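Visitor: These protein sequence lines map, in sequence, to chains A and B.
Heads up: the first sequence begins at 15 in the numbering used here, then just goes up one per residue.
Heads up: the second sequence begins at 8 in the numbering used here, then just goes up one per residue.
Keep in mind the hints are simulated off the structure, nothing from the lab.
From a predicted model like this one, the values you see are computed outputs, not experimental measurements.
Where a beta carbon is used, it is the ideal one built from N, C-alpha and C, also for glycine.
This list has only true hints and no planted wrong ones.
With the C-beta cut set under 8 Å, the calculated list includes, among others, these residues of chain B facing chain A: (1) His212; (2) Pro258; (3) Gly259.
In silico negatives: residues of chain A with every beta carbon more than 10 Å from chain B: (4) Arg38; (5) Asn47; (6) Ala78; (7) Ala99; (8) Glu132; (9) Glu192.
One-letter residues, chain by chain:
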Amino acid sequence: MSAPLLEVRGVTRRYRMPREALLRSPPVLTAVNDVSFVLERGQTLGVVGESGSGKSTLARMIMAFEAPDEGAVLFEGQDINRLGAAALRQARQRFQMVFQDPFGSLDPRRTVAWSIAEPLRVMRAEGIDRRIAEALDQVGLRARDGEKYPHEFSGGQRQRIAIARAIVTRPALLVADEAVSALDVSVQAQILNLLMDLQEDLGLAMVFISHDLAVVACICDQMLVMRHGDCVEFGDTAGIVARPRHDYTRSLLVASGI
Amino acid sequence: MMELDRVSVAFGEALALREASLRIEAGARLGIVGESGCGKSMLGLCLMGMVPDAAVVSGAIRLNGRDLAGASEAVWRRHRARDVAMIFQEPMAALNPLSRIGDTVMEPLLVHEGLSRAEARDRAIALFEEVGIPEPAARLRQYPHEISGGQRQRVLIALALTCNPGLLVADEPTTALDANVALRIIELLVRLSETRNMALVFISHDLAAVARATQTIAVMYGGDVVERGPTAQVLSAPRHPYTIGLLGARPGLGDRGRGADGRRRRLVTIPGNVPPLFDLPAGCRFSGRCSQEIAQCAGTRPVAHVLDGGQEASCHLLAPAAPGRAGAVT
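Generate the whole structure from the sequences, applying the supplied hints.
Guide: Okay, here's the thing in structure tokens:
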């Protein structure tokens, strides 16, 4: 039996806070506390929680931007924190990330095509131009949009560009951290539909992080609710929405309903 | 209490507001919704007399019957805080990081109300209690960075209340807050409006927040008020294609799950993007993105059609003789 696409096994991440007093040891903040889950190929997992609940720290550990203090992140059975630099670079083709603010992640002085090709250059891939055109097409942009610069696009289109850059390496997993939070409602719906298309057409698995439970519920098979670093509820989205077991989940549901 | 009568705000050729009219009754709660760039914040600034100098304002802005549209800054300053006060999205930006919270809140009491320091301090504590800030006396000595975002927004609300305004304009007051905290701020604003008989204009892109906070709603697009009416009615039975699209685009908990083909259900979308102000169509601002568009939409501005129950929508499809009346649009 093959390993699941992603297995997060009891990860904990602590940060030392600034010292409050000279002779006292600095306080420790547990940003993520013993969180575990398994994500199969083509599945979507939503991570919901308020700011400071640890959801972005979890994302950074899944992406191997930082290592857990305890526990392990296994991607296709491999502990990504034990990979050497070159092996990690190779493995990164298979898991990519989309952030909240595409303006912050696109170089304003470079064409969109250049930015999209960045991960391909790192990989020393072949047929770069063809793959840029393919990625632009997949996110609903035209091939000649690649010659333009980020400021020539609207917020929604910039997020499409960021998604194109994430899928150009043909990843198996996409981690989206508040990827639609900065967008207007009508544009947000376009991007959510795009993510659903990509997920179904490319068989992409997704970890979708958001403070907005309604957004998570509309796009995710499973849901993980985080609070103060703990996973307070995990399970099937429909089940959690219909019968939340934790008071905190219930309060998020109340707050998100129209 | 306050009224905007066909107010336009022009930046050169571009209209940030186009003949927008609104009535705000004493003690009533009105919501302004729309996406970024639709003119909702500009409308809020009109109510405060804080339209940027570069803009040309026309129409009438009446406060208790008196037109202040062309009034000087000195005149407006007499009304701000006393008659109309405002809170914003980012409470940290509105507080002086170098001042203790108490000094910030007591300043208008000392300056406008002419209270002594001891009196001002007592009033500040009473206001903090009113807006639900625990341990108000201790809070006065703290700096803005020492308290949470929700508490900061409460401080801003207390600050806005110092001179007992008849109208509070809240521009995206809950957008920067976590969902649970936002809910409590909304409850507070509603309670304050009721206990003080204070009118509330609640500006937000968040339909769920506006649904909770307000009694009537105005939906804006491209500088126009396109639909208005009782909040519950407009949100449950929208008639303007933009309002219908906006509600459909919002992921509700009911949208979850998959269709018969095994694919996940897609959200309703409005094609394209909100166009920039200088690039709006001359007629209906929504033409070009509207799925129900007919010949006159791009060139002729639709008038507001009065519907049942006090609802109004500005759409050519609602004209009695229009082909394919928008009532059928869902």
